[in-house]
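Engineer: In case you want the letters, here they are:
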Amino acid sequence: MNTDKTYTVKGVTGDWEIVVGLEVHAQVISNAKLFSGASAAFGAEPNANVSLVDAAMPGMLPVINGECVRQAVRTGLALGAQINKWSRFDRKNYFYADLPQGYQISQFQFPIVGEGEVVVDLGEGRTKTVGIERLHLEQDAGKSLHDQHPDATYVDLNRSGVALMEIVSKPDMRSPEEAGAYVRKLRTILRYIGSCDGNMEEGSMRADVNVSVRKSGDPLGTRCEIKNVNSMRFVMQAIEYEARRQVDIIEDGGMIKQETRLFDPNKGETRSMRSKEEAHDYRYFPDPDLLPLEFDDAFMTDAKASLPELPDAKKIRFTESLGLSGYNASVLVAEKENADYFEALLAEIVKATGKGEREVAKQAANWVISDLFGHLNKSGAAISDSPVSPAGGAELLKLITDGVISGRIAKDVFEIMYETGKSAAAIVEEKGLQQVSDTGEIEALIDQIIAGNPGQVAAYRGGKDKLFGFFVGQVMKATGGKANPQVVNKLLRKKL
Amino acid sequence: MSVDKDTVRRIAHLARVQVAEEKLDALAGEMNNILDWVEQLNELDVTDVEPMTSAVETTLHWREDKVTDGNKAEDVLANAPDAEYGFFSVPKVIE
Amino acid sequence: MTDLTRLTIAGARDGLKKGDFSARELTSAHIAELEAARALNAYIVETPDQALRMADKADQRLKEGDAPGLCGIPLAIKDLFCTEGVLSTAGSHILNGFRPRYESTVTANLWRDGAVMLGKVNMDEFAMGSSNEHSHYGPVKNPWRAKGSDQDLVPGGSSGGSAASVAAHIAMGATGTDTGGSIRQPAALTGIVGMKPTYGRCSRWGVVAFASSLDHPGPFGRTVRDTAIMLGSMAGYDAKDSTSVNRPVPDYEAGLGKGVKGMKIGVPKEYRTDGMPEEIDALWQKGIDWLRDQGAEIVVVSLPHTKYALPAYYIVAPAEASSNLARYDGVRYGLREKVDGGGLDDMYEATRAAGFGDEVKRRILIGTYVLSAGYYDAYYLKAQKVRTLIANDFHSVFKKVDALLTPTAPNAAFPLGDKLDDPLAMYFNDVFTVPANLAGVPAISVPAGLTGDGLPLGLQVIGKAFDEETVFTVGQAIEDAADFTAKPEAWWRD
Ligand SMILES: [Mg+2]
Ligand SMILES: [Zn+2]
Chain A
1 MNTDKTYTVK GVTGDWEIVV GLEVHAQVIS NAKLFSGASA AFGAEPNANV SLVDAAMPGM
61 LPVINGECVR QAVRTGLALG AQINKWSRFD RKNYFYADLP QGYQISQFQF PIVGEGEVVV
121 DLGEGRTKTV GIERLHLEQD AGKSLHDQHP DATYVDLNRS GVALMEIVSK PDMRSPEEAG
181 AYVRKLRTIL RYIGSCDGNM EEGSMRADVN VSVRKSGDPL GTRCEIKNVN SMRFVMQAIE
241 YEARRQVDII EDGGMIKQET RLFDPNKGET RSMRSKEEAH DYRYFPDPDL LPLEFDDAFM
301 TDAKASLPEL PDAKKIRFTE SLGLSGYNAS VLVAEKENAD YFEALLAEIV KATGKGEREV
361 AKQAANWVIS DLFGHLNKSG AAISDSPVSP AGGAELLKLI TDGVISGRIA KDVFEIMYET
421 GKSAAAIVEE KGLQQVSDTG EIEALIDQII AGNPGQVAAY RGGKDKLFGF FVGQVMKATG
481 GKANPQVVNK LLRKKL
Chain B
1001 MSVDKDTVRR IAHLARVQVA EEKLDALAGE MNNILDWVEQ LNELDVTDVE PMTSAVETTL
1061 HWREDKVTDG NKAEDVLANA PDAEYGFFSV PKVIE
Chain C
2001 MTDLTRLTIA GARDGLKKGD FSARELTSAH IAELEAARAL NAYIVETPDQ ALRMADKADQ
2061 RLKEGDAPGL CGIPLAIKDL FCTEGVLSTA GSHILNGFRP RYESTVTANL WRDGAVMLGK
2121 VNMDEFAMGS SNEHSHYGPV KNPWRAKGSD QDLVPGGSSG GSAASVAAHI AMGATGTDTG
2181 GSIRQPAALT GIVGMKPTYG RCSRWGVVAF ASSLDHPGPF GRTVRDTAIM LGSMAGYDAK
2241 DSTSVNRPVP DYEAGLGKGV KGMKIGVPKE YRTDGMPEEI DALWQKGIDW LRDQGAEIVV
2301 VSLPHTKYAL PAYYIVAPAE ASSNLARYDG VRYGLREKVD GGGLDDMYEA TRAAGFGDEV
2361 KRRILIGTYV LSAGYYDAYY LKAQKVRTLI ANDFHSVFKK VDALLTPTAP NAAFPLGDKL
2421 DDPLAMYFND VFTVPANLAG VPAISVPAGL TGDGLPLGLQ VIGKAFDEET VFTVGQAIED
2481 AADFTAKPEA WWRD
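Line by line, the protein sequences give chains A, B and C.
Position one of the first sequence corresponds to residue 1 (our numbering), numbered consecutively onward.
Position one of the second sequence corresponds to residue 1001 (our numbering), numbered consecutively onward.
Position one of the third sequence corresponds to residue 2001 (our numbering), numbered consecutively onward.
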């Protein structure tokens, strides 16, 4: 663990340390809900994806969706966590308009996944290990719409019963940055293994953020829980605001009241949640409609075998076997789609050139990160929608290695490929962009340039070395940039 | 363990059952009668006994991940005391 | 033509097959009877039109030779079972006007086998009670009265409407549910047979939940054979109920008649409680003698934790109920009490205060209390541990004996209002029935004799998990020996 930078909140009484723990709710990727056969899909008409079970009709009973169990186990394995072959569902009892049963089926005492850990990248080679306390399966609630009617709240139960994994961290984070990086890393892992799509805008990943402050070395302070924060940026903003608020209260001689708060992204503030103000007493007890959740080693082995290479392992492979820089490797593994693209590109280049992976990896990585990502970012496209396929990219890069076009021309060719979807070879052919390496042709041009610029030639020969670039530029201009730079350099030195 | 008026008031609110103030004492009495009686269980030492998880030995049946239900908003809303535009409607909640 | 309402299910089935009468005739006869018996208040909803439609369909099936065992048999359905399109109230005001868009698995099984629904019968609200006085729809009256008396008696509960309708011959059989004795105790108090199968035998899907780990759907009939026929239809694995057990259902009726010769019957000494009425003790002894006379070996056994069953039950059942009944909140179905200017919580509290009766409220409060912070271990966890001890008692005793014989209830039917102000006295009605619910083992109550006042008393046979066949066999041996032919006088007819 390496945390050089210590984040503090400056107060009149000195520096305050902040302590952050997160409960991330991640929607399990599944067709059907955790305990019913209704669709778990997002965005349906109100109450369309609702079974009689989800609406808590009298006499309705839950039946567990095995895929959700499998996804929880895969996620636990990806977090290097303890997997509990015996776990149990409990009821968490409370009344709320969007909680039709009057209880949430969750796992309280015996979660399916126990302790694990996540190594979080903080940039500049800094990392931090954040402990995972547990992961459990539970039902999502429905959705309350408060702004559709002046004195009514509307309730849509489409989300009611959708499977969630609640991933609880230890209170290991000490800065907004660490918390943001933790959420990002968690999201990366979930998306790698396909147990959650990580789509925070649609609410498939939300964080409850627990924040407290203390003077370094003091015991933990009273914490406040900020509910349902739905973006990485908001997580960081909420922590920053909340820590400041708590420090100000304490320094004014006040006490922190343990409470549930809401983050208002428009104002960048947290505020007390009126509906959750009263003390909770959830009266957890084992759900008598369900039996304990049990599985065997074979189930776990299968789950393990279904896991792809995880981002940490991939990063090590990219740096150690492929020789990429730590930065480039981090960028490429951050999203599984990016890493997949890069690896597909690499395979295509190897196939096309017959060279070893390590020989071509650096070039491929640079091209993906600067050229491809640059264009994707500009057009706001996802890598899955890239108009240039890995094979197309490999063809372009091969033209450079083969000396057919220069790196400079390649950028123009790529621009056209990106716009038109045409192949690199076709564009080069069509526009006559092949590099000119014919020494005779270039020599003739150089002779003309020397003859046409006697002043500069004299100055150069008189010791003004910088003018060399002027001559290179003239040759390039005359060839429309197509002259092979190495040949130009060599010939110019000879002639001058 | 004895239940007093305040406890009954708190429990009644937890259970979302309105109880008239003048009925709290009587209810506390009834609850205490029952609780005193069930406390005979304390005669038993159950330290090493596993709590029952199910009356009969069987294993949990797992459902396949298939969409087999839903698309019955009309059935879901059919008995609703108040429903509008496909939603259940309740008194305004302020978060 | 014989009086069709006097027939047993088995007898009616045979008559229908022979074409002695039609299902429509059988059903019409019952409709006429039940309409003349409204003084009993057994039915919450009568469904004569639906019954006749179902009877006609049954006649069609009979004609086509596709006639399962219950084809054309008119039954009463406890109002705890959700029935599609038909008011389903659980005896509660809070389900005011609730017409489910679904059919419970158990009733669907009965309709699959051709049975006919006469209506939905009365019960203690949410199945909480032992006298059927805790119903929003008013108390059910026991068809039986003490000799020379016109005082109304309770039919027992919670399935009081089911028991009364079968006893009064206004249904050939009925469904019930038994959470602490709610089938067996009313069966005993009304002189009929009531069977609680093994937990997991009958699906709970579509049955309004009281206490999920204790709720057992089961049948009522006037004979052991009739309950065996009904259970054969009601039982079966249901993938929609996670606690349903995937085991083949034997042909219970075919298993009857084997007799008890060579069986070992246990008599649990702990069931001989202080203050047990002499008549009940004597009847129990009679039962022991009957079985011995038929060749069974009687063994005195011990179920040492019996006295803790009732207190453990009154922790577990209210706790589960407090959670199961949280869904009755006025949002999606049933009653909603509007509070002017009030918020959501006000609506909840007013709705639940107006919708639930006193006994249900009492149990919700007890259940909420025993689960609340700091009390879980002392109450709920402890009670579930005691349950393990009680189940272990049964397991060890069933290594030595095939079945147990006990009284069903500690008393005969009592006057309306008698125990209404004393919850604990009411709870004691289930002292002999509750242990089988806690352990999930099957048990039956068979009418075995009359009190000096001429009121029916029942004996209970308890068996091993999934061994309903032995329970029926022993029950039938009692039935044969008791030759219980007494009937209540039809004072209720108008
Ligand atoms: Mg939480
Ligand atoms: Zn949660």
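Mixed in with the good hints there might be a few duds.
Chain C is nowhere near these chain B residues, computed Cβ spacing over 12 Å in every case [said to hold, decoys possible]:
hint : residue
1    : D1045
2    : V1067
3    : Y1085
Chain C regions said to be covered by chain B (calculated; three or more residues, Cβ under 8 Å) [stated by the list, open to error]:
hint : stretch
4    : 2161-2175
5    : 2307-2316
6    : 2352-2358
Since the hints were made in silico from the structure, they are not lab data.
Ideal Cβ positions, reconstructed from N, Cα and C, are used throughout, including at glycine.
Engineer: Next, verify each hint and record whether it holds.
Structural biologist: We went through each hint and held it up to the structure:
1. Under the 12 Å C-beta cut-off, the non-interface status given to B:D1045 relative to chain C is violated; the minimum distance is some 10 Å.
2. Look at B:V1067: its CB is around 16 Å from the nearest CB on chain C, clear of 12 Å, so calling it non-interface holds up.
3. Distance check for B:Y1085 against chain C: the nearest CB is about 16 Å away, which clears 12 Å, and the non-interface claim stands.
4. Under a criterion of three residues with beta carbons nearer than 8 Å to beta carbons of chain B, the stated coverage of the stretch 2161-2175 of chain C fails, only 0 such residues being counted.
5. Residues of the stretch 2307-2316 of chain C lying with their CB closer than 8 Å to a CB of chain B number 6, which satisfies the three-residue condition for coverage.
6. Beta-carbon proximity to chain B at under 8 Å applies to 3 residues in the stretch 2352-2358 of chain C; the threshold of 3 is reached and the given coverage holds.
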